[in-house]
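Engineer: Residues per chain, in single letters:
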Amino acid sequence: MNLLPRFLLCLCIGALPLTAAANPAYNGQWKLDTTQSTSLDPWSDLTMDISVTDDRLAVVRHYSAGTRVAQETLDLANQPKAQTATVEGWWDNRHIDAWLAHDNRIEVTPEWLNAGHSLRLSINMVLETQQGEIPVKVTRTLQVSDDGQTLREVQHRSSRKRPVVHVYQKI
Amino acid sequence: MKFRLSLLTFAFILVTTPLLRADVPAQAYVMQMSDDWTIQGNLPEHALIISLQGLANRDQPRLYLEYGAKWPWQITKPVRAFYEQKHGITFTNLATPDAALAALGNHAKGYVVWDKDVRTSLIVAFTVAGLEDAVVVSADLIPLAEKHGLTQITDLRGDFTGMDDAQIYAIAMDRYWNRCSRDVVLWLGGHHGTILEPGMADWGVRQRAFFTDLSNNPRHPAELALANKIYTELDPNAFVMGWHSYAKDTEGQQVALTSSHGLRMEGLNTLPNLSFNAQIPFSKGFTFKNHHSVDPANPPKPEAKVYIALAQTDSIGIGAWTKPGRGKLPYTWGLPMSWVDFAPGVLEYFYQGATPNDHFNSFAFPSYLYPKAVPAKHYPALQAVVRRLNRDLDLRVMDIMDYSEGNRHVGSTDLTKEVVDLIFQGYPEILGFTNSYGAARTYAHRDGRALLSYEYYLSANHPDEEIVADLEELIALNPKRPYYLLIHVRESSSIERVAAILGSLKEENEIVPIDVFLSIAGQAPTFRTRYQQPGDPVVHNPY
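Chains A and B, in that order, are what the protein sequence lines are. The opening position of the first sequence corresponds to residue 1 in our numbering, with each subsequent residue numbered one higher. The opening position of the second sequence corresponds to residue 1 in our numbering, with each subsequent residue numbered one higher.
No false leads were mixed into what you were given.
Facing chain A, a subset of chain B residues (Cβ under 8 Å, in silico): (1) 409; (2) 440; (3) 456; (4) 461; (5) 466; (6) 470; (7) 472; (8) 473; (9) 478; (10) 484; (11) 526; (12) 527.
Since the hints were made in silico from the structure, they are not lab data. Beta carbons: idealized from backbone N, C-alpha and C, even for Gly.
Produce the complete structure using the sequences and hints provided.
Structural biologist: Dropping the structure here:
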């Protein structure tokens, strides 16, 4: 049996995440629906800008609480490989004494799943706490609804038992 | 040297005598304020009564005001009951402004008219009230004032029409500033728009203070210049009392600025009855006795577990003190130490009502100042006041807060090593220190004394199940034991709620009094040493 066709098939299947990378349904600005989401406190508002092309993936989160604002910018190559990114800070939980270490550098692997329906961001970061530095793994899985108007993100942190669920509406 | 000491003693007596008088009256009046503080509602009558209170209480506590269910300070009724029970004061109710003027109008020499179309004119009117011994009235209350024999002293109607606040206060300063106290200025900020909440105005009238709500925001340079003129011309370490305007600037902006002048901020604009409370001394034989849980000769032994301590550092009278559940858990309460001078009877009320689980803590400064913003030259005088208050109030644990370069969302609320040095050196009698308001990352220990920042801010708005997850996440992120989980509880959360949350934690833990917590931390410092770093983010709390 000639194995070459099977090998090529495997290569094509393996390449699926790459060829499905530019799902235009993700593009745009998304506003958190706080009524359907895990509590955002101490922030009161969160919007997320997503820009996807064949080459690049940008995910920018804008947090605000009155006049207090913060931003987290992820600008990545749209490839399923680990990439080092420097962000402005770790704003997911500002009630707890945990801060991004290593000059705000994190490692991010973006992957498109389910033929481009889902986007997974696998993040390795190091947090500074009272007792020193500790590695934390974060998985952010994003999925756009069929009508393209709702974006649901489920975040799991290795340090936290409860997932964080954010539901966004397109604006 | 002896002569110098005598002069200092004499000066101290001069300063304190007007505040503290030993004679408690057998009779006083009480009046109920409504919850309507709108210009078109009850504010004009309230303003009249509060100005009258400042005048009537100049030399004796005659008029006490009780505030409504929505007022930030929920202690006016229990404190009055305490005065009745402890000091035997009999209060006679005054039902209307008419009755109040009939009973106490003789303490005013006339009235000043403010303009309901120019809200700021009421703030200026309070300045006039203190200087001229006048009650403040809107136009519709003139007949009432005149019914009681009062005549017009000043009419501000039309004086400020079409002007902004910088123009109005520039005129007010030209007219009145030279005659006003240099020991205190009143900031009648807080809520803006159609309401004004001048709960502290009685004190400013009594002390003949200048009233304002000038902006401390660099975006308002004309107002900021006037504010700086006031700060510069006040006496050293004088008082800025009241609160900033929510419509103009931020708490961080004002307190950073006042701190940079070494001035003592005392909030809030809503704090009631100072002119009365300042004249109710401690009851005979009373001494402050805090609930200490640490015997320095036999300190508690550290164990390999999670230690939790709970603190409520928002001003004690606006928090959970009066809510159900107090005493169920060990709590430390931030004490407004300066009330030894401003409201000694109220402090006695708090001490008398403390359960064995209620501990009181000190602050790094005698009033609200940010340590990073205070110039080092002001530390000795301010710290000397704190040491006196620590002795008087039996305080051994100290809380520190600095919002000059950040807040609990962004920027940094951490302390530099230089500031930590000044605090450790300035307070050798203090067992341990807590820092910040929200979570922060300044940790230090010296000679068995620990300084720990809050690990968690227990928000009133966060769901209980998320708070439990947050706390368990912190415990997971800090694997060494003992782990020191210091929690700052927002004042509006009841202790019942906090007890239910902490009861849900899975890992073995012990909720201990703050002095036990810090004593153990000082002996077993599993935490790293960290101070604010040059690269840490700085945010100056812009509006």
